[in-house]
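Input sequences plus hints: build the corresponding full structure.
The sequence shown: position 68 = 68 (the working numbering), numbered continuously.
Calculated directly from the structure, the hints in this document are not laboratory data.
Some hints here could point you the wrong way.
Here are the simulated SDA-like pairs of lysine to any residue, each with C-alpha atoms no more than 20 Å apart in a straight line [what the hints assert, rightly or not]:
(1) Lys42 - Asp112
(2) Lys121 - Glu59
(3) Lys94 - Gly134
(4) Lys121 - Pro132
(5) Lys136 - Asp96
(6) Lys125 - Thr67
(7) Lys52 - Ser103
(8) Lys47 - Thr162
(9) Lys77 - Ser108
(10) Lys94 - Lys47
(11) Lys170 - Leu187
(12) Lys121 - Pro196
(13) Lys181 - Ala204
(14) Lys94 - Leu146
(15) Lys43 - Pro75
(16) Lys43 - Gln87
(17) Lys136 - Thr162
(18) Lys42 - Phe115
(19) Lys136 - His203
(20) Lys43 - Ser108
(21) Lys171 - Lys52
(22) Lys145 - Asp54
(23) Lys47 - Pro155
(24) Lys52 - Thr67
(25) Lys121 - Met137
(26) Lys42 - Thr162
(27) Lys181 - His203
(28) Lys121 - Lys145
What follows is a set of in silico ranges between Cβ atoms, one per label pair, in the way DEER data are often shown [to be verified]:
(29) Arg158 - His65: 33 to 41 Å
(30) Arg158 - Lys184: 19 to 27 Å
(31) Ser41 - Leu99: 28 to 36 Å
(32) His65 - Lys136: 18 to 26 Å
(33) Ser103 - Phe63: 15 to 23 Å
Backbone N, C-alpha and C fix where the C-beta goes; we use that ideal spot for every residue, glycine too.
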Amino acid sequence: MVIATVTNHVLQISIAVGIVVTTVVIYKLYFANTSSKKGKSKKILLKDPQEKYDLPLAEIEHFNHDTRRYRFALPEKDMVLGLPIGQHVQLIAKIDDDLVIRSYTPVSSDDDHGFVDFVIKVYFKNVHPKFPDGGKMTQYLESLKLGDTLTFRGPSGRIQYTGPGTFAVKKLRKDPPIIYKASKVNLIAGGVGITPILQLIRHAGKEICRNIIT
Numbered sequence: 001m002v003i004a005t006v007t008n009h010v011l012q013i014s015i016a017v018g019i020v021v022t023t024v025v026i027y028k029l030y031f032a033n034t035s036s037k038k039g040k041s042k043k044i045l046l047k048d049p050q051e052k053y054d055l056p057l058a059e060i061e062h063f064n065h066d067t068r069r070y071r072f073a074l075p076e077k078d079m080v081l082g083l084p085i086g087q088h089v090q091l092i093a094k095i096d097d098d099l100v101i102r103s104y105t106p107v108s109s110d111d112d113h114g115f116v117d118f119v120i121k122v123y124f125k126n127v128h129p130k131f132p133d134g135g136k137m138t139q140y141l142e143s144l145k146l147g148d149t150l151t152f153r154g155p156s157g158r159i160q161y162t163g164p165g166t167f168a169v170k171k172l173r174k175d176p177p178i179i180y181k182a183s184k185v186n187l188i189a190g191g192v193g194i195t196p197i198l199q200l201i202r203h204a205g206k207e208i209c210r211n212i213i214t
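See the structure below:
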């Protein structure tokens, strides 16, 4: 009986020690991994707004007869675009000897690594009587094949959402930004499409979720 009691006692101590050691190991591994992630800066493509980058077309998804999702691959798989919220990128192409530049807001974010996505409506020629030639850039995008490259430049734009509820606004491109604080924001997608507004709404939603969790 004494031997059995001692054996059980030793077994209980061994199990307790094992649990403590395992907990300490998991704790150290978890926080070491978390610290390394926090300390590790993201690889960002758009560091210089005057720099141009040629990115290859990696995927095309047809949503309907005139709307596509274009995915362009970034130079590295762990790289992010680095586009500030509220700003856009410029797509540049030589079309019929003309240099065509158009501004677009991606539907992907810096949570996505290695690629950037755009959802774009193609304006075909001879469809709208007021615009018989259609859209130069969108029809050029329609002609691209997988592996073809397109020139990017950015960030571009005079408004940046720095959050929460804070906007940095430049009256002119070279002006210093003026900081505005807002508790409510009205968004009008007139002429610019839904993607710039979607970008802001998604980011603000993430801020709300983080505040609720913390």
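Results for each hint:
no. : hint                        : verdict
1   : Lys42 - Asp112              : holds (11 Å)
2   : Lys121 - Glu59              : holds (16 Å)
3   : Lys94 - Gly134              : holds (16 Å)
4   : Lys121 - Pro132             : holds (16 Å)
5   : Lys136 - Asp96              : holds (9 Å)
6   : Lys125 - Thr67              : holds (15 Å)
7   : Lys52 - Ser103              : holds (14 Å)
8   : Lys47 - Thr162              : holds (17 Å)
9   : Lys77 - Ser108              : holds (15 Å)
10  : Lys94 - Lys47               : violated (24 Å)
11  : Lys170 - Leu187             : holds (18 Å)
12  : Lys121 - Pro196             : holds (15 Å)
13  : Lys181 - Ala204             : holds (14 Å)
14  : Lys94 - Leu146              : holds (18 Å)
15  : Lys43 - Pro75               : holds (10 Å)
16  : Lys43 - Gln87               : holds (19 Å)
17  : Lys136 - Thr162             : violated (33 Å)
18  : Lys42 - Phe115              : holds (14 Å)
19  : Lys136 - His203             : violated (31 Å)
20  : Lys43 - Ser108              : holds (16 Å)
21  : Lys171 - Lys52              : violated (25 Å)
22  : Lys145 - Asp54              : holds (15 Å)
23  : Lys47 - Pro155              : holds (8 Å)
24  : Lys52 - Thr67               : violated (26 Å)
25  : Lys121 - Met137             : holds (11 Å)
26  : Lys42 - Thr162              : holds (18 Å)
27  : Lys181 - His203             : holds (16 Å)
28  : Lys121 - Lys145             : holds (17 Å)
29  : Arg158 - His65: 33 to 41 Å  : holds (35 Å)
30  : Arg158 - Lys184: 19 to 27 Å : holds (21 Å)
31  : Ser41 - Leu99: 28 to 36 Å   : holds (34 Å)
32  : His65 - Lys136: 18 to 26 Å  : holds (19 Å)
33  : Ser103 - Phe63: 15 to 23 Å  : holds (21 Å)
Figure legend: structure checked against the earlier numbered hints; hints not met, in rising order: 10, 17, 19, 21, 24.
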